[in-house]
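Enquirer: Sequence:
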Amino acid sequence: MRKTWVKRDNIYYKPFYKQKLKMTLLGVLLMAFVFFGYQFFYIRNNGAGGKQPSNNNAVQDEGGGGGDGNRTADFRGPSEDARYVYVEKVGSYEKRILRGIRLRDLDAYQPGSSAAFRCLSSTRHVSWARVNDDYCDCPEDGSDEPGTGACDRGRFYCRFQKRHATGRGGYTSVPSGWANDGVCDCCDGSDEWLSGADCRNTCKERFPY
Numbered sequence: 001m002r003k004t005w006v007k008r009d010n011i012y013y014k015p016f017y018k019q020k021l022k023m024t025l026l027g028v029l030l031m032a033f034v035f036f037g038y039q040f041f042y043i044r045n046n047g048a049g050g051k052q053p054s055n056n057n058a059v060q061d062e063g064g065g066g067g068d069g070n071r072t073a074d075f076r077g078p079s080e081d082a083r084y085v086y087v088e089k090v091g092s093y094e095k096r097i098l099r100g101i102r103l104r105d106l107d108a109y110q111p112g113s114s115a116a117f118r119c120l121s122s123t124r125h126v127s128w129a130r131v132n133d134d135y136c137d138c139p140e141d142g143s144d145e146p147g148t149g150a151c152d153r154g155r156f157y158c159r160f161q162k163r164h165a166t167g168r169g170g171y172t173s174v175p176s177g178w179a180n181d182g183v184c185d186c187c188d189g190s191d192e193w194l195s196g197a198d199c200r201n202t203c204k205e206r207f208p209y
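Under full-length UniProt numbering, residues 1 to 209 are what the sequence shown spells out, in order.
Read the hints as simulated data drawn from the structure, not as lab findings.
Be careful, since some hints might not be right.
Straight-line alpha carbon distances no greater than 25 Å define the calculated SDA-like cross-link-like pairs of lysine to any residue that follow [stated by the list, open to error]:
#1 Lys95 x Ile43
#2 Lys95 x Asn180
#3 Lys204 x Ser173
#4 Lys95 x Gly37
#5 Lys95 x Ala32
#6 Lys20 x Ala32
Here are the simulated distance ranges between beta carbons [unchecked claim]:
#7 Val28 x Ser195: 57 to 67 Å
#8 Leu194 x Ser113: 18 to 28 Å
#9 Ala108 x Val183: 50 to 60 Å
#10 Gly37 x Gly177: 47 to 57 Å
#11 Gly27 x His125: 52 to 62 Å
#12 Lys204 x Val183: 45 to 55 Å
#13 Tyr171 x Ser114: 25 to 35 Å
#14 Asp105 x Ala129: 34 to 44 Å
By construction, the Cβ of each residue, glycine as well, lies at the ideal position given by its N, Cα and C atoms.
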């Protein structure tokens with residue numbers, strides 16, 4: 001009698017989860033569904049948020065003044081908003097960073113917090129309303145007036161604060177009295193946001209590394 005070989009697949013029922021090809025296709029379809037669903041949700045939220053103009057004054061680029069900096073700004077004189085540079089916006093949340101500060105000291109500058117501002121080189125405390133108000137409350141280091149020239153020892157840190165690739169060198173800064181004096185001292189022109197000086201962005205030329 002001749003023997004007939006029959007595949008095991010035809011004899012025993014194979015559960016669906018053991019069918020590799022079908023499981024692979026199902027996984028791909030699920031991932032595609034999740035991906036396109038996320039894209040649709042993101043685009044919908046972004047489109048809705050983009051239609052609402054921001055009421056806050058914002059600087060949208062990493063550069064500073066002048067025609068080459070592509071700066072978008074709408075500062076109405078030395079107002080409350082002119083004290084800040086807006087560098088981060090996620091949806092309706094906007095993080096405000098004070099002008100002229102060193103990014104390494106960002107945690108010390110948190111306006112709106114319950115704690116008062118503490119001068120960086122002393123234990124003196126001042127209210128946040130007196131930070132960048134053109135009056136020197138921290139004469140030791142001028143840390144309460146990073147964006148004005150009120151303090152003799154104050155330093156204005158440019159928005160472009162790149163250090164050398166090796167980590168050496170200091171952060172890019174100028175005396176705070178040089179802010180808004182009509183002379184472009186920072187390579188990105190960030191020290192001249194009220195003077196109207198036409199600053200060309202020269203950061204790539206001065207810091208090619």
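Enquirer: Find the hints from earlier in the document that the structure breaks and name them by number, from lowest to highest.
Expert: Result: hints 4, 5, 9, 12 and 14 break, sorted rising.
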